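J.: Go ahead and model the full structure; you've got the sequences and the hints to work with.
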Amino acid sequence: MTFGLTDEGFALKRLEDILSEQSAGLKAVLGDNLDLSPSTVDGQIHGIYAASQADLWEIAQQVYNMYNPSNSTGDSLSNLVQLNGITRKPATASTVTLTLTGTGTTLIPQGSLVSTDDGSQFSTDEDEALVAGTGSVGATSVLTGSIPGGIGTIINIDTPINGWSAVTNPVAAEQGQDEETDTNLRARRIRSVSKPGNAIVDGIIAEILDLTSVIDARALENRTGTVDANGVDPHSIKILVDGGDNDEIAETIFTNTSAVTGYTGAVSVVVEDTQGISHTIKFDRPTLVPIYVTVTVVYGPGYLGDDAVKQSIVDYADGNLKPGRGFLLSEDVAYSELFIPLNQLSLGVTETTSLLIGIAPTPTGTSSLPIAAEEKASFDTANIIVIPG
Numbered sequence: 050m051t052f053g054l055t056d057e058g059f060a061l062k063r064l065e066d067i068l069s070e071q072s073a074g075l076k077a078v079l080g081d082n083l084d085l086s087p088s089t090v091d092g093q094i095h096g097i098y099a100a101s102q103a104d105l106w107e108i109a110q111q112v113y114n115m116y117n118p119s120n121s122t123g124d125s126l127s128n129l130v131q132l133n134g135i136t137r138k139p140a141t142a143s144t145v146t147l148t149l150t151g152t153g154t155t156l157i158p159q160g161s162l163v164s165t166d167d168g169s170q171f172s173t174d175e176d177e178a179l180v181a182g183t184g185s186v187g188a189t190s191v192l193t194g195s196i197p198g199g200i201g202t203i204i205n206i207d208t209p210i211n212g213w214s215a216v217t218n219p220v221a222a223e224q225g226q227d228e229e230t231d232t233n234l235r236a237r238r239i240r241s242v243s244k245p246g247n248a249i250v251d252g253i254i255a256e257i258l259d260l261t262s263v264i265d266a267r268a269l270e271n272r273t274g275t276v277d278a279n280g281v282d283p284h285s286i287k288i289l290v291d292g293g294d295n296d297e298i299a300e301t302i303f304t305n306t307s308a309v310t311g312y313t314g315a316v317s318v319v320v321e322d323t324q325g326i327s328h329t330i331k332f333d334r335p336t337l338v339p340i341y342v343t344v345t346v347v348y349g350p351g352y353l354g355d356d357a358v359k360q361s362i363v364d365y366a367d368g369n370l371k372p373g374r375g376f377l378l379s380e381d382v383a384y385s386e387l388f389i390p391l392n393q394l395s396l397g398v399t400e401t402t403s404l405l406i407g408i409a410p411t412p413t414g415t416s417s418l419p420i421a422a423e424e425k426a427s428f429d430t431a432n433i434i435v436i437p438g
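In the working numbering, each number is its position in the sequence shown, counted from 1, plus 49.
Just so you know, these hints were derived from the structure itself, not from any lab.
One should not assume that every hint holds.
As the list claims (entries may be wrong) - Under the rule of at most 25 Å between Cα atoms (straight-line distance), these lysine to any residue pairs were calculated in the SDA-like manner:
{"hint": "1", "residue 1": "Lys138", "residue 2": "Asp174"}
{"hint": "2", "residue 1": "Lys331", "residue 2": "Gly354"}
{"hint": "3", "residue 1": "Lys331", "residue 2": "Glu321"}
{"hint": "4", "residue 1": "Lys62", "residue 2": "Ala99"}
{"hint": "5", "residue 1": "Lys138", "residue 2": "Gly368"}
{"hint": "6", "residue 1": "Lys62", "residue 2": "Lys138"}
{"hint": "7", "residue 1": "Lys331", "residue 2": "Glu270"}
{"hint": "8", "residue 1": "Lys138", "residue 2": "Ala221"}
{"hint": "9", "residue 1": "Lys331", "residue 2": "Ser262"}
{"hint": "10", "residue 1": "Lys138", "residue 2": "Asn233"}
{"hint": "11", "residue 1": "Lys138", "residue 2": "Arg235"}
{"hint": "12", "residue 1": "Lys138", "residue 2": "Asn117"}
What the hints assert, rightly or not - Have a look at the derived ranges for each label pair, beta carbon to beta carbon:
{"hint": "13", "residue 1": "Glu386", "residue 2": "Gln159", "range": "46 to 52 Å"}
{"hint": "14", "residue 1": "Gly187", "residue 2": "Gly354", "range": "37 to 43 Å"}
{"hint": "15", "residue 1": "Leu64", "residue 2": "Val316", "range": "57 to 63 Å"}
{"hint": "16", "residue 1": "Val316", "residue 2": "Asp259", "range": "14 to 20 Å"}
{"hint": "17", "residue 1": "Asp381", "residue 2": "Val316", "range": "24 to 30 Å"}
{"hint": "18", "residue 1": "Asp282", "residue 2": "Val191", "range": "42 to 48 Å"}
{"hint": "19", "residue 1": "Leu337", "residue 2": "Ala278", "range": "16 to 22 Å"}
{"hint": "20", "residue 1": "Ser395", "residue 2": "Gly199", "range": "27 to 33 Å"}
{"hint": "21", "residue 1": "Ala409", "residue 2": "Gly199", "range": "22 to 28 Å"}
{"hint": "22", "residue 1": "Glu386", "residue 2": "Glu297", "range": "47 to 53 Å"}
No experiment lies behind these values; they were computed from the predicted model shown.
Ideal Cβ placement from N, Cα and C applies to all residues, glycine included.
T.: Right, here's the structure in full:
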């Protein structure tokens with residue numbers, strides 16, 4: 050067998066291959082009576098050298114895989130996808146608006162810390178001087194990622210200041226995101242290959258998907274002279290975006306479409322061109338359709354628990370379990386696909402005896418669920434019930 054680089058790829062020389070090859074070479078020189086069993090000194094030396102060679106072969110395979118997006122991981126994958134004009138989305142922090150209470154004109158300096166009872170900590174974004182004992186200031190979570198801050202939960206003052214007596218958040222925090230996973234980055238790279246092509250609409254979507262916090266996007270194009278079935282105006286496009294910042298999305302749409310393009314959508318943002326001329330850019334947000342699941346499973350001694358089963362279903366639906374899989378905007382929920390996350394060996398599920406889905410609690414369906422063009426299926430662990438079989 051040929052090892053190393055071949056026309057079919059990289060053929061790894063494994064430890065057993067090295068031991069066999071090295072044993073044959075030593076016996077050819079020193080005689081067939083050479084004892085290389087592990088209990089002998091010669092055998093132990095033989096094993097040490099073979100193991101070190103095996104390590105080098107594995108490193109060589111890792112280097113080879115660095116240039117294959119399907120196998121590359123971590124920083125190697127981050128570097129590789131830049132060839133497609135995209136970068137890994139960094140982790141972002143949660144943000145919130147705080148209401149401050151105290152006495153007189155007390156100054157609450159930038160960087161003052163507050164927190165929830167469960168330890169989620171936020172830092173004020175700027176100095177805030179109270180007016181008649183009250184004030185309002187933005188704050189950012191100290192840690193990045195999906196740091197929670199439900200309505201009225203940020204109530205602890207961690208930086209004591211004379212004259213500052215209370216804090217709360219009348220609106221829930223806008224949660225940040227964890228760093229983009231390898232799985233999601235690979236899936237986005239697959240979709241990004243349309244960027245250099247002639248399909249302008251596909252290129253716009255690929256650019257939008259590059260934006261921080263954008264989860265999914267789709268364009269509905271109407272080239273006719275009348276409003277179409279999706280409510281798109283004549284000779285216009287309706288771009289649906291899940292997640293992301295309104296201003297960034299509008300700027301991206303404007304930059305990547307022609308001046309004569311018409312826009313349809315409920316979200317309206319004014320963008321200025323390089324000459325200072327204002328343009329109104331419209332796009333839309335998808336209607337999220339909650340999906341309810343009741344699954345009955347038989348499990349073995351290695352069962353990870355009901356919560357792990359629920360999270361596996363959500364991760365698959367969101368595209369976090371397998372690259373290129375999951376349910377995107379406008380995509381029907383294929384009943385058969387929901388068995389995929391349940392079949393992971395690591396979960397410890399040995400059999401799925403029943404799977405019921407629907408768009409209302411206590412589902413009874415065993416067929417795929419249709420999702421309209423302007424909708425997106427939404428999976429939440431709170432809407433999934435796991436029953437032992």
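J.: Which numbered conditions among the earlier hints are violated in the structure presented, ordered from lowest to highest?
T.: Hints 2, 6, 22 are the ones this structure does not satisfy, whereas the remaining hints hold.
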